[in-house]
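One line per chain: the protein sequences are L and Y, in this order. The first sequence begins at 1 in the working numbering and counts up by one. The second sequence begins at 1 in the working numbering and counts up by one.
Think of the hints as simulated: they come from the structure by calculation, not from any bench. Yeah, the Cβ is synthetic: ideal placement off N, Cα and C, and Gly gets one too. One or more of the hints may lead you astray.
[What the hints assert, rightly or not] Label-pair restraints from in silico Cβ distances:
1) S15/Y x A133/L: 41 to 47 Å
2) E59/L x S15/Y: 40 to 46 Å
3) M37/Y x D224/L: 45 to 51 Å
4) G35/Y x E59/L: 34 to 40 Å
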Amino acid sequence: MPSTRVTSPGLMEALRRRAAARPMRVAFPEGDDETMMRAVAELQADGLAQCVLVGDGAELARLAGERGLSLEGVEIIDIADEAENARCCERYLAHPDCRYKPKGAARRMTRPLERALILQVLGDVDVMFAGIANATGDIILAAQTIVGLAEGVATVSSCGIAEVPGWDGGEGGLIGFGDSAVCVDPTPGELASIACASCDTVAALTGWDVRCALLSHSTDGSMDNALVDKVRAARDIARAARPDLAIDGEFQFDAAVRADVAAKKVGRPSDVAGRANLLIWPDINVGNIAVKIIQNLTGADAYGPMLQGFKRIVCDCSRSAPVSEIVGNVVMSCVRAQALADALAREVR
Amino acid sequence: MNQEIFEQVAAFAKSAYKFEGDITPDTTFEELGRGSMKMIALTSMIENELDAEVPVREVMVMKTIGELASRVEEEME
Numbered sequence: 001m002p003s004t005r006v007t008s009p010g011l012m013e014a015l016r017r018r019a020a021a022r023p024m025r026v027a028f029p030e031g032d033d034e035t036m037m038r039a040v041a042e043l044q045a046d047g048l049a050q051c052v053l054v055g056d057g058a059e060l061a062r063l064a065g066e067r068g069l070s071l072e073g074v075e076i077i078d079i080a081d082e083a084e085n086a087r088c089c090e091r092y093l094a095h096p097d098c099r100y101k102p103k104g105a106a107r108r109m110t111r112p113l114e115r116a117l118i119l120q121v122l123g124d125v126d127v128m129f130a131g132i133a134n135a136t137g138d139i140i141l142a143a144q145t146i147v148g149l150a151e152g153v154a155t156v157s158s159c160g161i162a163e164v165p166g167w168d169g170g171e172g173g174l175i176g177f178g179d180s181a182v183c184v185d186p187t188p189g190e191l192a193s194i195a196c197a198s199c200d201t202v203a204a205l206t207g208w209d210v211r212c213a214l215l216s217h218s219t220d221g222s223m224d225n226a227l228v229d230k231v232r233a234a235r236d237i238a239r240a241a242r243p244d245l246a247i248d249g250e251f252q253f254d255a256a257v258r259a260d261v262a263a264k265k266v267g268r269p270s271d272v273a274g275r276a277n278l279l280i281w282p283d284i285n286v287g288n289i290a291v292k293i294i295q296n297l298t299g300a301d302a303y304g305p306m307l308q309g310f311k312r313i314v315c316d317c318s319r320s321a322p323v324s325e326i327v328g329n330v331v332m333s334c335v336r337a338q339a340l341a342d343a344l345a346r347e348v349r
Numbered sequence: 001m002n003q004e005i006f007e008q009v010a011a012f013a014k015s016a017y018k019f020e021g022d023i024t025p026d027t028t029f030e031e032l033g034r035g036s037m038k039m040i041a042l043t044s045m046i047e048n049e050l051d052a053e054v055p056v057r058e059v060m061v062m063k064t065i066g067e068l069a070s071r072v073e074e075e076m077e
């Protein structure tokens with residue numbers, strides 16, 4: 001789909017256009033927070049998303065008035081509306097993914113984060129967005145509990161995309177990476193899961209043919225130790241699970257992204273070596289350090305981290321995120337949700 | 001520790017973790033195996049069957065099934 005492929009510069013602009021072309025429904029359980037409410041007002045006014053605030057309806061209206069914000073077009077799911085709570089609870093109890101009995105389901109109707117995730121399970125919204133008031137760990141646990149993991153996924157993880165000025169590697173100066181934020185020390189199975197999920201996330205977001213390199217301090221057996229074994233095992237697991245994806249390794253960073261280095265170090269045909277557009281770090285130490293080096297030494301913008309591995313799109317932001325960052329994260333989530341909706345529609349057909 | 005509650009929690013843990021061996025109050029979550037989805041399944045069973053809600057994040061910092069059973073007992077009082 002060449003018309004939807006995203007390249008640098010202007011990643012975010014391209015994504016905003018795609019989000020606006022088919023606005024997705026996004027549930028916000030932290031709309032009482034002022035920054036979040038301002039982001040919601042902007043997203044709705046700019047036509048980037050169909051926003052749904054989940055909370056105490058009267059309080060949200062009062063806060064909007066006090067802050068001088070228009071919530072025109074924004075849907076409010078009022079957790080104080082007992083009749084609506086009962087209707088929603090009944091629908092949830094009838095859903096095959098509901099793991100609770102009536103009492104447990106009912107108590108979750110009045111908790112904004114869990115209610116927002118339940119709306120997602122019911123198909124009433126496409127994205128759940130939180131993080132300004134809830135800790136990442138709590139969002140992940142709530143989403144694992146209510147939304148659940150996608151088929152074949154071993155762990156929740158995250159990925160991101162860096163836009164590196166003046167670099168022509170990756171995909172026209174853009175490069176995906178995972179996981180820098182969630183999975184601390186993945187097992188080979190978990191690392192394979194991170195690679196597969198990151199391929200899907202980056203493809204959904206950019207339309208690229210993803211070429212995924214599992215990174216290491218070794219290229220094709222140049223070193224022999226347990227750290228290398230882990231990455232090689234992950235490669236084999238990922239390939240067996242998803243033969244449709246281009247995943248290769250283990251590669252050093254330069255062998256992954258530079259064709260001249262790959263030509264010297266990788267003595268076999270590879271769709272990925274020397275032209276990777278997605279990098280998978282072996283653990284969170286490498287991931288966190290690498291992203292900060294890329295940002296600080298190149299002036300790159302790094303978008304994400306985007307949570308991945310759930311059955312639906314669940315997004316978390318930093319507790320200190322400004323409005324612009326929230327808007328950007330929601331836009332990315334909406335583009336991913338469009339791709340997921342298309343994939344689900346294809347499955348139904 | 002209430003023996004009846006412990007036995008119920010142990011039975012739920014066996015089912016959630018698909019654990020074949022015997023579970024005592026000293027059995028650790030490490031012995032049962034990794035996996036937050038299994039812990040989520042366990043807490044859901046406890047909530048559904050005993051009407052005691054113990055948040056998963058609390059269970060994640062517990063070491064043994066005995067600790068969990070005591071916490072469930074506290075929640076049921």
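These are the hints, each one checked on the structure:
1. In this structure the hint that S15/Y and A133/L lie 41 to 47 Å apart at CB is violated, the actual value being about 35 Å.
2. Roughly 41 Å separates the CB atoms of E59/L and S15/Y, a value that falls within the hinted 40 to 46 Å.
3. The given range of 45 to 51 Å is broken by M37/Y and D224/L, whose C-beta atoms sit roughly 34 Å from each other.
4. For the pair G35/Y and E59/L, the supplied restraint of 34 to 40 Å holds, since their beta-carbon distance comes to about 38 Å.
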